[in-house]
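A.B. asks: Residue numbers (my numbering), protein chains in the order written: chain Y, 5 to 214; chain V, 5 to 214; chain Z, 5 to 214; chain A, 5 to 214.
Treat the hints with care, since some could be wrong.
Using 27 Å as the maximum straight-line C-alpha spacing, the simulated DSSO-like pairs for lysine-lysine come out as follows [said to hold, decoys possible]: (1) A:K121 <-> A:K93; (2) V:K93 <-> Z:K121; (3) Z:K93 <-> Z:K127; (4) Z:K56 <-> V:K127; (5) V:K58 <-> Y:K14; (6) A:K43 <-> Y:K76; (7) V:K127 <-> Y:K210.
These aren't lab readings, by the way, just hints derived from the structure by calculation.
Number of protein chains: 4
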Amino acid sequence: MTIDFRQAEKELISAGVRLDHLGLAPATSGNYSIRLNDKEIAVTVSGNHKGKLKSGDFLRVDMDGKALEDKKPSAETLLHCQIYKCYEKAHAILHTHSVAGTVLTRFFADKDFITLKGYEMLKIYPGNTMNTHDISVHIPVFDNTQDMVELASRVDIVLEERPDLSVYLIRGHGLYAWGETIEQAEYITEATEMMLRCELETLKLKGAMR
Amino acid sequence: MTIDFRQAEKELISAGVRLDHLGLAPATSGNYSIRLNDKEIAVTVSGNHKGKLKSGDFLRVDMDGKALEDKKPSAETLLHCQIYKCYEKAHAILHTHSVAGTVLTRFFADKDFITLKGYEMLKIYPGNTMNTHDISVHIPVFDNTQDMVELASRVDIVLEERPDLSVYLIRGHGLYAWGETIEQAEYITEATEMMLRCELETLKLKGAMR
Amino acid sequence: MTIDFRQAEKELISAGVRLDHLGLAPATSGNYSIRLNDKEIAVTVSGNHKGKLKSGDFLRVDMDGKALEDKKPSAETLLHCQIYKCYEKAHAILHTHSVAGTVLTRFFADKDFITLKGYEMLKIYPGNTMNTHDISVHIPVFDNTQDMVELASRVDIVLEERPDLSVYLIRGHGLYAWGETIEQAEYITEATEMMLRCELETLKLKGAMR
Amino acid sequence: MTIDFRQAEKELISAGVRLDHLGLAPATSGNYSIRLNDKEIAVTVSGNHKGKLKSGDFLRVDMDGKALEDKKPSAETLLHCQIYKCYEKAHAILHTHSVAGTVLTRFFADKDFITLKGYEMLKIYPGNTMNTHDISVHIPVFDNTQDMVELASRVDIVLEERPDLSVYLIRGHGLYAWGETIEQAEYITEATEMMLRCELETLKLKGAMR
Chain Y
5 MTIDFRQAEK ELISAGVRLD HLGLAPATSG NYSIRLNDKE IAVTVSGNHK
55 GKLKSGDFLR VDMDGKALED KKPSAETLLH CQIYKCYEKA HAILHTHSVA
105 GTVLTRFFAD KDFITLKGYE MLKIYPGNTM NTHDISVHIP VFDNTQDMVE
155 LASRVDIVLE ERPDLSVYLI RGHGLYAWGE TIEQAEYITE ATEMMLRCEL
205 ETLKLKGAMR
Chain V
5 MTIDFRQAEK ELISAGVRLD HLGLAPATSG NYSIRLNDKE IAVTVSGNHK
55 GKLKSGDFLR VDMDGKALED KKPSAETLLH CQIYKCYEKA HAILHTHSVA
105 GTVLTRFFAD KDFITLKGYE MLKIYPGNTM NTHDISVHIP VFDNTQDMVE
155 LASRVDIVLE ERPDLSVYLI RGHGLYAWGE TIEQAEYITE ATEMMLRCEL
205 ETLKLKGAMR
Chain Z
5 MTIDFRQAEK ELISAGVRLD HLGLAPATSG NYSIRLNDKE IAVTVSGNHK
55 GKLKSGDFLR VDMDGKALED KKPSAETLLH CQIYKCYEKA HAILHTHSVA
105 GTVLTRFFAD KDFITLKGYE MLKIYPGNTM NTHDISVHIP VFDNTQDMVE
155 LASRVDIVLE ERPDLSVYLI RGHGLYAWGE TIEQAEYITE ATEMMLRCEL
205 ETLKLKGAMR
Chain A
5 MTIDFRQAEK ELISAGVRLD HLGLAPATSG NYSIRLNDKE IAVTVSGNHK
55 GKLKSGDFLR VDMDGKALED KKPSAETLLH CQIYKCYEKA HAILHTHSVA
105 GTVLTRFFAD KDFITLKGYE MLKIYPGNTM NTHDISVHIP VFDNTQDMVE
155 LASRVDIVLE ERPDLSVYLI RGHGLYAWGE TIEQAEYITE ATEMMLRCEL
205 ETLKLKGAMR
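Build the full structure now, drawing on both the sequences and the hints.
C.D. replies: Right under this line is the structure:
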């Protein structure tokens, strides 16, 4: 499966409008990419608002994150490359920031995963081969850093163990979600964020009703 | 009352845009239908985002949920058929997913109903024959399953006892709402979700102020 | 000051779009009016969604709420008439439903007012003659009923004592706000609802941090 | 860097639409400005809704806040002038009102700062010279008053000590944020408000889980 750079731009622009509308792209946060072919990825350049992306706000990088044109890729491009290498089926990646994800990963500062269990929405995950709500999904949570090489090395260990995965969280930072298409990546993002909001509300309710 | 398939598509597309705008259609969740005539129902096909429906994302099924064309109906089509059979007046059904409904039905894991009492918004329910806020409405909550036949059999028992009903909830899953028109089904959905948010906030407040 | 019926329709339609966008017009809730002249009021007819009003969804009533054409006015038209009679300066009234207002008035089931104190936003109230944030505004809260005559009689006692007032609440129901123009009524609605959300969050925070 | 008055109007109108969409401009709250050149500032006139600004809703003032045309500037124009004087790089200022900022500054009534720590979003602040999430940012909180001269004198003491600053809060009132461009000011506003919402949710969660 290959996709044209202009088409990738269009799809990523549209995803940004949607994610911003959902409150998942505050300020210049987030970065998005599409796998163009075996050797190239289209990724957002650094520093723009993802709800107002336009043609030209993207560049080609190779599978190691090296810019193939004279623009500065998002700082976290390496994490995108890593996902494409680990998951042959991944063709689009969305990285978003949300209140629920930020609050939960910071609050449980020692936990290296968040467990989602018993939600109908869990059916969104393609790794859920039983296609049922009645499972536990452990979303990995990685401590944040500005050292992408170091972070990637920690992420690598987990990705290798989890061929089923389609999301992970970075603590106090945000969500990475990937899919076979940009639509699937977007649906996985929406569903995951909805369940994280449910978790946050449930915890407050548990405290209140104790 | 009969309605043309194209008109039904238009009305369901419009309902999806609205429900998505209200945050009630995350990812590919939900399914919507309209009763076309005595023998046919128009229902959403499986797997699309309900905020971006277009002509062609619907199919005709018979009153037993059997597809009348070569498309895959939503998994829960059987539940739609059941409602149309039980409630002669029902001509449109909307099934939505929300944070408040998901959190409340999961939190009260053993309760098979949620009671709404004393809300002005209760006047939205046509079964509220006294047309007053000063009543208690018990919304049935069914445990979730992927076995639609089994779920339908449990739902059936309750629907038969409740000719007044226009909504029910599935635990950790979502809301079913129906009306004589798509507008009425949509208003009942909006009003119910608003009261569920009130319930959630009230519980947190009660805990906080104890 | 007089205003043409068509112009009043336009302004009320536009207010409805705005209030719906703010989540203050769920389902068919709310009703809006404009004083046309000394003897007539334009008010929403009963039962429409206020976010989708169109020309024809309004009618003229006299100052006692009697319909001047063959349409059914909102059930609460009497409350509009009462406000126009008590407040000579009032030329537009908006009645909205919100989660915060509903939750707070129900939670404090015995309190007949909600006090807002120390908010910069309090400057929105024209009765705040010192034009300062540093005051206490007591918003009356009336118990809900479907008997408009009885409700109006209780409201009357308070309105007569409070020439400064531009809002009141009905318990488990919603907000009435009025102004010299539709814009002012809308701003007072927005500001009041924002402060009610602040009150709700503050109460939860107080409980949590106790 | 100079900017044309008409261009400044366009940029401020657009910022208002965005901030209103984010719920940061309820009623007529807030005021916005752009530094036109060494001697003039374009600032919103008093009393309009910031989500519906149009050409003509702005005026030129000098660096002391004196109106250069026959319109009434926002009451807080003096605070804008002060920021432009203290921060040579500041070319745009946005003042907004939010639930989270209002609730937090009121709840911690004795604290003269709010500390944000460990958020990836902290990278938005240009004063964060290490460009890292792993810092503590102390946002000053000033007690509210209607006496702008007195408030400005208190603000002045802090601004002089904090050349790194790009935001401050006024208690029970709102946020001031500034940047080298209107885009940067807007991003800083969005990011700060997102972190304040995180703080509010975290506090409730801490209380609930205690």
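A.B. asks: Run the distance test for K121 of chain A versus K93 of chain A: straight-line Cα separation, threshold 27 Å.
C.D. replies: 25 Å, holds
A.B. asks: Tell me if the straight-line CA distance from K58 of chain V to K14 of chain Y falls inside 27 Å.
C.D. replies: 20 Å, holds
A.B. asks: Holds or violated: K43 of chain A with K76 of chain Y, Cα cutoff 27 Å?
C.D. replies: 36 Å, violated
A.B. asks: Could you grab the alpha-carbon distance between K93 of chain Z and K127 of chain Z and see if it respects the 27 Å cut-off?
C.D. replies: 18 Å, holds
A.B. asks: For the pair supplied as a hint, K127 of chain V and K210 of chain Y, confirm whether the alpha-carbon distance does not exceed 27 Å.
C.D. replies: 31 Å, violated
A.B. asks: Next pair to validate is K56 of chain Z with K127 of chain V; report whether the Cα-Cα distance is within 27 Å.
C.D. replies: Judged against 27 Å, a Cα distance of about 20 Å means the pair holds.
A.B. asks: Within 27 Å, alpha carbon to alpha carbon, are K93 of chain V and K121 of chain Z?
C.D. replies: 50 Å, violated
When each numbered hint is compared with the structure, violations occur for hints 2, 6 and 7.
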